[in-house]
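So the protein lines, in turn, are chains W and C.
Everything in the first sequence is counted per UniProt numbering, starting at 1 for the first residue and increasing by one.
Everything in the second sequence is counted per UniProt numbering, starting at 1 for the first residue and increasing by one.
Hints are computed from structural coordinates only; laboratory data are not their basis.
Do not rely on the hints blindly, as some may be mistaken.
[Claimed, not checked] Lysine-lysine pairs mimicking DSS-like chemistry, simulated, CA-CA at most 27 Å apart: (1) K186/C / K274/C; (2) K81/C / K57/C; (3) K3/C / K186/C; (4) K236/W / K77/C; (5) K81/C / K186/C; (6) K236/W / K81/C.
In case you want the letters, here they are:
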Amino acid sequence: MFSKVLFGRFVPTNSLIHRLDPRAKLVLSLYFIVIIFMANSWQTYAWLAAFTLGVILSTKVPLKFFWDGIRPLVWIILFTVILQIFFSSGGHVYWAWGILSVTQFGLVNGVYIFCRFLLIICMSTVLTLTTQPLMIADAVEALLKPLAKLKVPVYELALMLSIALRFVPTLMDESQKIMNAQRARGVNFGTGSLIKRVRSLIPILIPLFISAFNRAEDLATAMEARGYSGGEGRSKYRLLHWHRADTVACVVMLGVTLILFELRYLA
Amino acid sequence: MHKMITVQDAVYSYSDDEHLVLKNITFDVERGEWVSIVGHNGSGKSTMAKAIDGLLKLTSGAIEIDGTALAEDTVWKIREKIGFVFQNPDNQFVGATVADDVAFGLENRHVSHDEMVAKVDEALHLVHMEAFADREPAGLSGGQKQRVALAGVIAMRPEIVILDEATSMLDPEGRQEIMQLMRELKQTYDFTVLTITHDIDETAFADRILLIDDGELVAAGTPEQVLTNGTDLVDRGLELPYAERLLNQLNLLHIDVPQQYMTNDQVVKWLCQKLNSSK
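Could you build all of it, start to finish, from the sequences and the hints given here?
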């Protein structure tokens, strides 16, 4: 049931991309997603696609994992592309029926949207496959730190995030156990009408909820016993190090952007 | 002798309840002593342990740790002296990885990064978990998680270590391992140890045993003193130690057994003597 979750499916191949600082990876992948929207011609899309492919290959992660990232979103992609094709207007009209029409612009837009989806999914998959969730949490904390000045509880948010991540596998294990325990008592999951299926989830959710409360209580006591009295002023065991490779990665991304703009205005 | 823990007339009841969980418990623990609190489930042992660490506020009574009275303004100071290992290995694991978890207490005390790395490495080495430093808790066994919890305690160099049923969720092997490890660490660091358990065999290393039943301290003394009264233990919902059970069975077979309490080793010795003399 949960094995399809891609988040946190870190694949350790120790490639160049793996060793980058998580802050760099997080910022650069978000940045890349933004500049994808700057692309407006086949040359620009080709350039970004080539770059993405290069990044994917350099992670040394088997391509199957990327396909796993795309697969659950195939229907959304198809739906959006078809919508674009049939409802856009402009340019040469190839086919029309009522409000539906296939036009030159529509087709082009459809292809662009398709490329955009693909690139965004691939790039974010690169981030999650090459970075441990824990590292992403650290990066988020580091990037939010300036907000502490605006009275945003950054330390608390970071602690919440890291505890949540730490308990994801534990709670998944537990829900699997509860499911099996309820099955052994005759609860039938995944059959019957929609309402019946939803109702059969209750014997999983309630015990899981209660046990989460017990865990929270235990954890809070254990944290207090170990001297936790608030996030402010704690020292940090895990430090992030910015290496030369990270600066190089930023420069490369800048180069990619410059070439993108070059192609955009050339066309 | 220097008193490490002093408990005076401890009384506790959960706020909405008339029922007293602790009833006038008084005892003290000396520096370097290993004291075991035993009692069946629900007898108030864990409540006592939490009260000592200031995690629960007593309804009445006083607790003194190393000469300092436990109060609202001293509680954090006192917690620095106490290392606490709880029952559930999963629920007390705060860190995302083993090393992070060991470092958690040090982070709370503003220890500098370099010092922290050295202390974490050392503590993991002491519990033989250095190979697991970057592992996540999901990949560890229960015994390994408890060893990590123990490492987290050692890294902070407390003077008192409280094990609150720390082995009750482990298999017999893991249990042995943790208790043996605790004994070695006690010798190295001269901890004062307070273990809380309902498993009599776990009191094997204790200097003194406190027997708690239904919130009352019903017996206190050396293992010989407390465990000789076998029937007393059984009446209070506890099991006899292994050696005692063996001797009782022999007694049923009309074999003369010595009346005083004996440890496993002593029983082995006695059996050898008995067999030799009957030849």
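**Q.** Unsatisfied constraints (hint numbers, rising)
**A.** Checked against the structure, the only hint that fails is number 1, while the rest are satisfied.
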